[in-house]
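So the sequence lines, in the order shown, correspond to chains A and B. FYI, the numbering for the first sequence is 17 to 197, going by the working numbering. FYI, the numbering for the second sequence is 90 to 437, going by the working numbering.
Any given hint could turn out to be false.
[Stated by the list, open to error] Derived Cβ-Cβ restraints for the label pairs, each shown as a range:
#, chain 1, residue 1, chain 2, residue 2, range
1, A, SER173, B, ALA256, 36 to 42 Å
2, B, GLU115, A, GLN143, 29 to 35 Å
3, A, SER103, B, GLU115, 45 to 51 Å
4, B, ASP250, A, GLN143, 44 to 50 Å
5, A, VAL163, B, PRO95, 25 to 31 Å
6, B, VAL121, A, ILE174, 26 to 32 Å
[Said to hold, decoys possible] Here are a few chain B residues that sit away from chain A, every Cβ distance over 10 Å (derived from the structure):
#, residue
7, GLU173
8, ALA210
9, ARG417
FYI, nobody ran anything at the bench for these hints, they're computed from the structure. Cβ atoms here follow ideal geometry from the backbone N, Cα and C, with glycine treated the same way.
Chain by chain, the residues:
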Amino acid sequence: MLLAAWSKGDQGALDKMMPLVYHELHRIARRAWSEQPYGNTLQPTALIHEAYLKLAKSENATYQDRCHFFAVACKAMRQILVNHAKSRLSEKRGGGVAKVSIDDVQPAVHQEASEIVALHEALEALQAVDPRKSAVVEMRYFGGLSVEETAEAMGVSIATVNRDWRLARSWLIREMNRESS
Amino acid sequence: MSSPVPWEEIERLYHDALDLPPSDREALLAGVDAALRAEVESLLEADSQTGLLPAPPTHIAADLLDSQPGALEAGQRVADYEVESLISIGGMGEVYLARDNEGKPVALKILRRHLIVNAQAADRFETEARAASALCHPNIITVYESGKSPAGLFIAMEWLDGSTFRAIMDAGKTEVAQAIDWGGQAARALSAAHSAGILHRDMKPENIMLRKDGVVKILDFGLARHGGAMGPEPSAMGASGTISGTLSGTLLYMSPEILQGEAATSASDVFSLGAVLYELTAGKHPFAGETPLDVFEAIECRPVSPIHAARSGVPQEVSRVILRMLDRHPDSRPSASEVCDVLGGHRR
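Given these sequences and hints, build the entire structure.
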């Protein structure tokens, strides 16, 4: 009953989580950049991950619900990245103001943007078939969680996450190949 | 995509096949139904491909961080206001200290454009502006204006210098007389909202503020809605807007009927305020628990221990009315205005 109530409320939780995740991501990024101005070692997924840990920690004292928190935070991250990917793609199509950037970075960004949107859509289809597998992909791919963390957050075994991940990956690749062919 | 073959069978056979060396898979699949076999084979084929999935979306994340600023910066203008500093990041957006044209401080709440994922999020933000501005009461935060700006949706509100009940309770015990006075003020605000037909729906210590001059103000009408006809809630958000609100943090202040997925009524607000007042007077939460499930069970069925068991010096009438606010049956709870009368009678 409680879980039902929560899942019913996921959209509200997601809306509320977006600013928190987004802000935390920025805060950590700023710090990392200021500490390592020339470093190429900055891994956005590591940032995402750190943002979760930080948020989970601060929320944990009050909210105690780490698992649900992680699930919603990963959803928020997915939404933020997909939104951004979509806006990049529409910019390209609409001929908006191009961002001044290093030449070889832009194609990678655009390539990834269309991949992310395709993956996002395929993942929605997977969710209809098998919600748990789609959640595993959401956490691992968009949230940058490890297999172990995903297992903990979902309350399933590591073996289950590994199996789910493998099948989900095959399913998504097949789905996306179909779409593009 | 909606295959006629049961998903469980596909899943089982897929994993069975993967456990075998590729040369032995043919034999495993030889005997099975053609549709099932086609499904499994196409998945195995995909499994052998190196696709995009293993690579995390690093470029997009980096690009996002690079191109979209974090918090607004000091000096930036939003409508007629100049941002001074970031105060808090909350579920419904960011709150800044800002100045109006006359240099007067205002609280500026902003929901950034790129964080609005759906119409509901924007709706809720506007609901807050509308609900609070429809209420003019000394114990309810005043909304000056709301609107759209290039930065996103904004609400300009009265600037409150003080602390939330959460911060006050975290800092230590509150004097009984003080708690009763503050509780009375909060109940007056709720009573005013209810008689205007507006439910708060998210009463919790984070949303009640004590100004330095001792005036209590209720904030955050983001989930508020007009009471009116109180049928089952139609929207997907429904009563669960509160549940999901801040995860299980709000759970502690949620009434049993809301947990059951029923519609919120004014009695649900009374229950939530009751939990806050109990915590404020007794110095401990009535439904504290280790896990959300414990809290859930406590709200559903654990008897609430009388306040005097935790704290002496609370007048009997006061502790009685607080316990009645926490009655599991909405109909047995006092109205907010009854609560005002009782607490008001005990003011210093």
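Of the hints stated earlier, which fail here?
-> Violated hint: only 8; rest satisfied.
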